[in-house]
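Engineer: Next come the chains, spelled out residue by residue.
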Amino acid sequence: MSVVTLAQALNGGLDLALEKDPNVVLLGEDIGRTGGVFRITDGLREKYGEDRVFDTPVAESGIVGAALGMAIAGLKPVAEIQFLGFSYPAYDQIINHVARMRNRSAHRFTVPMVIRIPFGGGIGAAEHHSESTESIYAHVPGLKVVVPSTPADAKGLLLAAIEDPDPVLLLEPIRLYRAVKEEVDEGDYTTPIGPIRVERSGDDITLFSWGAMMKETRAAAAVLEDDGVSVEVIDIRTLSPLDRDGIAASVEKTGRAVIIHEAPLTAGFGGEIAAVLAERALYSLKAPVRRVTGWDTVFPLKRSESHYLPGVDRIVHAARDILEG
Amino acid sequence: MSVVTLAQALNGGLDLALEKDPNVVLLGEDIGRTGGVFRITDGLREKYGEDRVFDTPVAESGIVGAALGMAIAGLKPVAEIQFLGFSYPAYDQIINHVARMRNRSAHRFTVPMVIRIPFGGGIGAAEHHSESTESIYAHVPGLKVVVPSTPADAKGLLLAAIEDPDPVLLLEPIRLYRAVKEEVDEGDYTTPIGPIRVERSGDDITLFSWGAMMKETRAAAAVLEDDGVSVEVIDIRTLSPLDRDGIAASVEKTGRAVIIHEAPLTAGFGGEIAAVLAERALYSLKAPVRRVTGWDTVFPLKRSESHYLPGVDRIVHAARDILEG
Amino acid sequence: MFSLVNPDGTVRDRLPISIEETKSLYADMVESRVYDHKSMALQRQGRIATYAPFEGQEGAQIGAAAALRSDDWVAGTYRDAALMWKAGYPWDLMVLGRTGDERGGAPPEGVNVLPACLTVGGHMIHAVGLAWAEKLKGSDRIAFTSFGDGATSEGDFHEAMNFAAVYELPVVFFCQNNQFAISYPRSEQTRSQSIAAKAEGYGMPGVQVDGNDVIGVLTTVTEAVAGAREGEGPSFIEAITYRMGPHTTADDPDRYRDDTDAEDWAAKDPLLRVRLLLEKAGGWSPEWQAELESTAGERIEEAVATAEAVAEPTVGEMIGRVFAQPTDALLAQLAEAEE
Amino acid sequence: MFSLVNPDGTVRDRLPISIEETKSLYADMVESRVYDHKSMALQRQGRIATYAPFEGQEGAQIGAAAALRSDDWVAGTYRDAALMWKAGYPWDLMVLGRTGDERGGAPPEGVNVLPACLTVGGHMIHAVGLAWAEKLKGSDRIAFTSFGDGATSEGDFHEAMNFAAVYELPVVFFCQNNQFAISYPRSEQTRSQSIAAKAEGYGMPGVQVDGNDVIGVLTTVTEAVAGAREGEGPSFIEAITYRMGPHTTADDPDRYRDDTDAEDWAAKDPLLRVRLLLEKAGGWSPEWQAELESTAGERIEEAVATAEAVAEPTVGEMIGRVFAQPTDALLAQLAEAEE
Ligand SMILES: Cc1ncc(C[n+]2csc(CCOP(=O)(O)OP(=O)(O)O)c2C)c(N)n1
Ligand SMILES: Cc1ncc(C[n+]2csc(CCOP(=O)(O)OP(=O)(O)O)c2C)c(N)n1
Ligand SMILES: [Mg+2]
Ligand SMILES: [Mg+2]
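Residue numbers (our numbering), protein chains in the order written: chain A, 114 to 438; chain B, 114 to 438; chain C, 7 to 345; chain D, 7 to 345.
It should be emphasised that the hints constitute simulated quantities derived from the structure, not laboratory data.
Hints are not guaranteed to be accurate.
[To be verified] Derived BS3-like pairs: lysine-lysine, alpha-carbon spacing no greater than 27 Å straight-line:
no.: 1; chain 1: C; residue 1: Lys-143; chain 2: A; residue 2: Lys-133
no.: 2; chain 1: A; residue 1: Lys-415; chain 2: D; residue 2: Lys-44
no.: 3; chain 1: D; residue 1: Lys-143; chain 2: B; residue 2: Lys-160
no.: 4; chain 1: A; residue 1: Lys-399; chain 2: B; residue 2: Lys-366
no.: 5; chain 1: B; residue 1: Lys-133; chain 2: D; residue 2: Lys-143
[As the list claims (entries may be wrong)] Quick list of simulated restraints, FRET-style, between CB atoms:
no.: 6; chain 1: D; residue 1: Asp-334; chain 2: B; residue 2: Val-116; range: 32 to 40 Å
no.: 7; chain 1: D; residue 1: Ala-273; chain 2: C; residue 2: Pro-22; range: 54 to 62 Å
no.: 8; chain 1: D; residue 1: His-43; chain 2: A; residue 2: Asp-316; range: 57 to 65 Å
no.: 9; chain 1: D; residue 1: Asn-12; chain 2: A; residue 2: Ser-115; range: 51 to 59 Å
[Unchecked claim] Just a sample of chain D residues kept apart from chain A, beta carbon distances all over 12 Å, derived:
no.: 10; residue: Arg-18
no.: 11; residue: Arg-75
no.: 12; residue: Ser-76
no.: 13; residue: Gln-199
no.: 14; residue: Pro-211
no.: 15; residue: Gln-214
no.: 16; residue: Gly-233
no.: 17; residue: Glu-238
no.: 18; residue: Trp-271
no.: 19; residue: Thr-301
no.: 20; residue: Glu-308
no.: 21; residue: Glu-323
No experiment lies behind these values; they were computed from the predicted model shown.
We put the beta carbon where it would ideally sit given N, CA and C, even for glycine.
Make the full structure from the sequences, and use the hints.
Structural biologist: Structure, rendered in structure tokens:
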């Protein structure tokens, strides 16, 4: 056990995967010589060599498509895309090929690969560097989508993704890379893909979130607890396949729900969770479901970031609204 | 007035737009010489010339990106992508550029363009030819998304899209191109982008759908009416911006909702509508909301199509469930 | 443009293969054409979905596939049925796929032919990844990818070519320039003098070959494959050919091309010239032709029968194909579907 | 590689411009460098966000922009501040943008310079569309697009090049090959002998020019622009240069490149050679240099002050930028935001 950041936990997980399985290879822009723009692959090219950790030309579709070919031929590629805003040129390869090769070939050719992508805003980054378009990936049949919010989950979900016989998209919350530290097992372990994580158990209201917004969600929960509200905080953690039972069970207990995400509201993943509640927990709902999300605008530049990002206040406000309502 | 199919209505709308505005140009694969794979642009190259109707190389990102440049420079391009399954190579241009140029340039450079794409299954087509990934587009801030299900709306929404000062994605239901006929005004008119269309008014339950699934939805409504149920049928028609007031108002009246779409369930656009109901109409809901959608699988080939496509039976079944429930 | 056999069956240069081998290639082309015609008929009868015929391209496809080793990787398109078959993909699975059944996408173990790619340009980069893996594993298996003239306009073509060159991978890029991308003529697809000339921009050798000359294609691809296998990296081949039929059964070529063109190309038919060559060499007779056709016809009929005898696919199979193991969420959907 | 002025300030060929004009280009390069240094400082002080310096590329950028007409279209990248400024985009807006304010993306009416593109390769096709529109309108305005060596690996580069050639559009493609895409060296980016050689695969002329020779660049781009304006279609220019600083303020070049390289390139500095040339011609003095620097410094300070005086953006502006008119849905969100 050692106390590490989310970034370090990912680096440790990749190190371990490269060490234990010679078929694991990493590829992406600037991941070798510089260890990636966020240094998640730091030191791995030096340690495992140029034939395990590849710097690539600037070509996202190429990276993903080549990784797909590698996976079919028996390797376990872990591809990095620098930011979620640069993943779109690869969207075609992901939805039309990576996620479908198993179906198209009736299980004959399979694609055990991982795509790692830093995502989310809040660091005053330039345009395209703050995307949270997880819902466009969660909608893709044949692709699993996981989003850790803690160092331990980051490593565990990464290792589970690498072990998975199917393609997994791992979205890494940029804002949390170095913002949180916790004890992480140095050994080999996996965090199961699928189940939500009940981070804090409570009776009056459930706050659902994932990725970087877990930070504000936790903070909002603390404020509400100070008010004497018993708050359940759920880290969705896997967007696809979604743990609908877990989601419904929580609200059957608490009767109230606020869903928090950074992406724009419309067709964001929060809609899916609200829909699960409207379908499965309607009779338990004591108040309307609330979504606290980014506005339906482009993620803004630094000076307007605070106008966009759902803050603790908005979450608390929404929660109080439905607690009192 | 003349009685035309949805395909003919679109052709007539394009003809009219080309005629009245010299800045309107069309571009896309095979839209000129052959009039497009669905013949929606039939005859227009002959009529307006090679400098108004362009056949292009096979390059979707190029088509959309070039149209964006044209729009900035004062033209009104209408780009066609052959099938929604081939739009993904252009997703980056659409989300990162077409939908953001206004924001990036603080209104200085604007993108009045239309992207037309046939979508949906049910005709036993080959892989990638039956996509219904409208939710990945509805999630894009700065892009409007419209989906007609009738000939009159097809023409009206097309003309509204061409007039719109911002980019509009027009999704054309393949299955309905030639399946429905109705009287369509031969003149110049627009159907407003935004408001839902209440196709049939009722008191006991609302069926929400759009595009090709309106056909099954109508049929299901007829079955239910035969049972004595008073059914409201709503054609969402514009996915973005979404008419949340119209959606909520209907269910405030009926108390019950079934949402029908062809896309896979998870993170499909139905989630957004269910969420609106859970937020705005909770206290009116007499029964859980139901979504009748495609499964979370790849859209299958012909022999399995009936396993996938939500049919009249499933809709009726879901409706009865919540009517009795 | 490299060529060994002229349209009239005369030979430009010493042939690298025997008459027996030539006869075998001819037989394969005949069988392919029988399949192609049968498929057109099946489509008209509503027994298979939209079909993309390859008539006229048998020389390119059979010649190329004949140059591959049985365990090499192959990634081709919807129009590559002859190529895929020659590379080991059974006819019956091809037919099964075209009846609208995903199970047709699973060639037997040992046959490393990916199911046909339907997104134009999407699969070339898969071949690159396959070759990359083989290189890393130290195997001498190569990856071969086939695509059309239209596909060279897609961004993915560019990225695939570049990756293959940058990592010096054993990939053979094989473009069947059949003069059209649906209705769009090669002359407008690119202003490059030739498609082969594009290779240079990637630091890769690029050659043109007469795609209707099965022996010329075989020779050219054999050389490219040998180079790739021996570690010389990727190469690019443009096979000049012509699609004699429509783009697909849903297409009407009269809208965009001249009959005279089609007639010119008919004279360059890839089967015809080999037949003329064999005739001169005493290796062809009407009886043999009839025998070839009837054997091929029987095989294809059998393949069709096999495909059509496959039981209806179930909803469980569809849902079961999403992941290695269906997730709980999918199992719940399956239960609902089976209700 | 075309070049007119050597690193030591000697001239290879008769210069096409006067000493006065040369002095003016020099002054522009000095001003640009002052802006660049100031921006680095502002970033360190936390006054602007991550910054991508162009030091070393002033010759390429000023030379290219000097060849354009004031109403031509320009589509460049995050590293093209000098180019965009010379094309008419005011410094203060550039700074404003980099403080994290979208309003910096709106150059004055009449300045047809798109805000910098941040997705590598995304904007070249926009230039193609702009040129296409101008051609259709019958204007003689051209579109100029600038991008890096790394960008040539993106699929969008390929599609843009092809469209421009196919439709014979007035586009000038200007690649600033600064040897690196972040940490990835040009030598690995492509196996093409030169980046300029890629043009041939599109049937487009491609040339290499010494990007650190501002007069050489001006000459080369002037010719390309003239060709485009006169209906000769697109062309491609590879300007060989070097990024003397880090990729951005967040980058550490020590991780991937040698100091000796950087030293070699320092000797080829685009400002230095013009200064030496002017010195020989009697057109340079320490006083003039000091004056240039102080004038530039004042202008840049003023631009920074102007940018920093811009009022905080409101949430209403953010929401108002999504569409020409905010939709009801957005107005509802605005109301919620303002609560
Ligand atoms: C990405 C994508 N865009 C468009 C299409 C529609 N389409 C199918 S085949 C084709 C033409 C392809 O031409 P070419 O590459 O020359 O191959 P050919 O059909 O001639 O064998 C097009 C545009 C597609 N399948 N995929
Ligand atoms: C589509 C996309 N992929 C990745 C990135 C991240 N990125 C920013 S700059 C850069 C390198 C670009 O190199 P080059 O084109 O040579 O331009 P330079 O920075 O050297 O001027 C990369 C990979 C991006 N901005 N956009
Ligand atoms: Mg073709
Ligand atoms: Mg560079």
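Engineer: Each of the hints needs a verdict: does it hold here or not?
Structural biologist: Comparing the hints with the structure gives:
1. Lys-143/C <-> Lys-133/A: 16 Å, holds
2. Lys-415/A <-> Lys-44/D: 20 Å, holds
3. Lys-143/D <-> Lys-160/B: Given pair Lys-143/D, Lys-160/B holds - Cα atoms ~19 Å apart, limit 27 Å.
4. Lys-399/A <-> Lys-366/B: Between Lys-399/A and Lys-366/B the Cα gap is close to 20 Å, so the pair holds against 27 Å.
5. Lys-133/B <-> Lys-143/D: 16 Å, holds
6. Asp-334/D <-> Val-116/B: 32 to 40 Å: 34 Å, holds
7. Ala-273/D <-> Pro-22/C: 54 to 62 Å: 56 Å, holds
8. His-43/D <-> Asp-316/A: 57 to 65 Å: 60 Å, holds
9. Asn-12/D <-> Ser-115/A: 51 to 59 Å: 57 Å, holds
10. Arg-18: Holds: least Cβ distance 34 Å, greater than 12 Å.
11. Arg-75: Arg-75/D clear of chain A: closest Cβ-Cβ about 28 Å, beyond 12 Å.
12. Ser-76: Per Cβ check, Ser-76/D is outside 12 Å of chain A; nearest 26 Å; holds.
13. Gln-199: 16 Å, holds
14. Pro-211: At roughly 24 Å from the nearest Cβ of chain A, Pro-211/D sits farther out than 12 Å, so the non-interface label holds.
15. Gln-214: 20 Å, holds
16. Gly-233: About 29 Å separates Gly-233/D from the closest Cβ of chain A, which puts it past 12 Å; holds.
17. Glu-238: 30 Å, holds
18. Trp-271: Answer for Trp-271/D: holds, closest chain A Cβ roughly 19 Å.
19. Thr-301: 30 Å, holds
20. Glu-308: Per Cβ check, Glu-308/D is outside 12 Å of chain A; nearest 20 Å; holds.
21. Glu-323: Glu-323/D is in fact no farther than 12 Å from some Cβ atom of chain A, at 8 Å.
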